[in-house]
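Peer 1: Protein sequence lines, in the order shown, are assigned to chains A and B. In this text, residue positions in the first sequence follow our numbering: the first is 1, and each later residue adds one. In this text, residue positions in the second sequence follow our numbering: the first is 1, and each later residue adds one.
Please note: incorrect hints may appear among the correct ones.
Said to hold, decoys possible - Per label pair, the in silico range of CB-to-CB distance: (1) A:Leu235 x B:Asp132: 33 to 39 Å; (2) A:Phe6 x B:Arg19: 56 to 62 Å; (3) A:Ile271 x B:Gly187: 55 to 61 Å.
Unchecked claim - Okay, derived cross-link-like pairs now, DSSO-like style, lysine-lysine, Cα gap no bigger than 27 Å in a straight line: (4) A:Lys294 x B:Lys197; (5) A:Lys290 x B:Lys197; (6) B:Lys3 x B:Lys16; (7) A:Lys290 x B:Lys94; (8) B:Lys46 x B:Lys197; (9) B:Lys112 x A:Lys294; (10) B:Lys70 x B:Lys112.
Hints are computed from structural coordinates only; laboratory data are not their basis. In this text, a Cβ means the ideal position worked out from N, Cα and C, and glycines have one as well.
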Amino acid sequence: MKSNSFLYFIKEGVTSVFNHGFMSVATIAIMMACLIIMGGFTLLSANIQEMISTLESQNQVVAFVDDSLTDEEARSLSDKILTLDNVDTVEFVSREQAMNKFLRKYQDNTLFNDIDPTVFRHRYVITMTDIEGMEALQNDLYRVPGIARVNAHLEISRGFVTVRNIVAAVSLVLTIVLLVISVFIMANTIKLTTFSRREEIAVMKMVGATNSFIRWPFVIEGLFLGIIGSALAYLVTWGVYEILYTRAQNSATFAFVNLVRFSQYAVPMLIAYAAIGILVGVISSSTAIKNYLKI
Amino acid sequence: MIKFKEVYKTYENGTKAIRGINLDIDDGEFVFLVGPSGSGKSTLIKLITGEICATSGLVEVNGFDMTAIKRRQMPKLRRTLGVVFQDFRLIDKKTIFENVAFAMRVVGAPSKEIKARVEYVLELVGLAGHSDSYPLELSGGEQQRVAIARALVNNPSVIIADEPTGNIDPARSLEIMRLLEQINELGTTVLVVTHEKELVNRFAKRVVVIDSGRLIGDGVSGYYSYEE
């Protein structure tokens, strides 16, 4: 491609965005709407998954130490437990601490007033990195010499895993469906906008323009529309999310909910927006005129 | 040079638009192609410009065999032709200069050459001061001149004008015909499709008459006795 042709294509492409102002605005608006719906949904499912993982991390396994071990021996088990797979944190709770906690819980009940600490065992409270491995961890803990019993709520772990998998699968399917619908809508909007230009293309063909000469300005126009549409959609998504985030943080209702920060997803979302916007813009523009080139 | 040998064209819907036409147009000729609506004039033009392909027979245009031309050769053929349409087909959002220059950009001409040539051609068609105007700011006759300038700018060997005066008043029609005659005097072959009998008779040129897809007359316009 000659350099003066390239400059001409860029000039034509950009001029065309402004010359067909209404069509450009329509394309950008549709593109923005589609990207914002997709982005909003992605952020929503990210928040749901974050909430699930927060709840998951609060699930604990309690390993009781054999009574025959001395205090020192009981405390030394911590290192062994930490070497096990899927262990996030390990907290040693002595039998005295356990008793105090028990007494606080039943302080109104005089029956337990004279209880002896030796009734309780030393124990470890363990959190996991992945709740799915709770049963495996329970088995591992049983193999640690000095651990007498392990309390693990396997049914809760299974429940969480099911919910997490369902949420992940539904999010994935809905994201793909939204992506397909969005691409279809954006491509058709661009196709409609080029319909009015079939005469212009016919004239170009009649003066001996090659197909690539005709297509380039459309590709560049699509590229610009894609960049503008995705940039605006990104800014709107960002702005609206920040407003909702601030409101949620300040509201009593949502105080317990730990929302994700936009910054955590800023880069991947920017890449996704730009990629979808630009690809849809360029591919739709260049394929939309395909039929008009057959003269 | 344009050559038709035993050319037939039947459309997919069964319409027989051209039935066995033989025709030779030599370099530098000025030819009127006349005939009533639906006689096959437009089909004949489309066969020359490569918009459609003949069902049988031979069509040769400026050395290209139109029955065997490849898609990628089409731009090369069209650069040897200048086409003028009844409805001008100018691009409304481009200036007059750009409408004409654009035909040269297509062939990759350098900007300097484009500027000089477009100014020259606009002067030739009498629109020297209108470079920065837009098509809709001009009269019908002026718009047709722009279309002629665009057809002319790449120095084609053949200019095909399809009803060039169909949308303009009689006085301007004569001017347009004179302009085409002038262009022909400079050496370009000119083929004008029209059904304006009076206009044709004012010029002593070759007239080819077709009706129902058949060639029914070929002679100098003084002998043009075809009745619509």
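Peer 1: Taking the numbered hints from earlier one at a time, note which ones the structure violates and give those numbers from smallest to largest.
Peer 2: 2, 4, 5, 9 and 10
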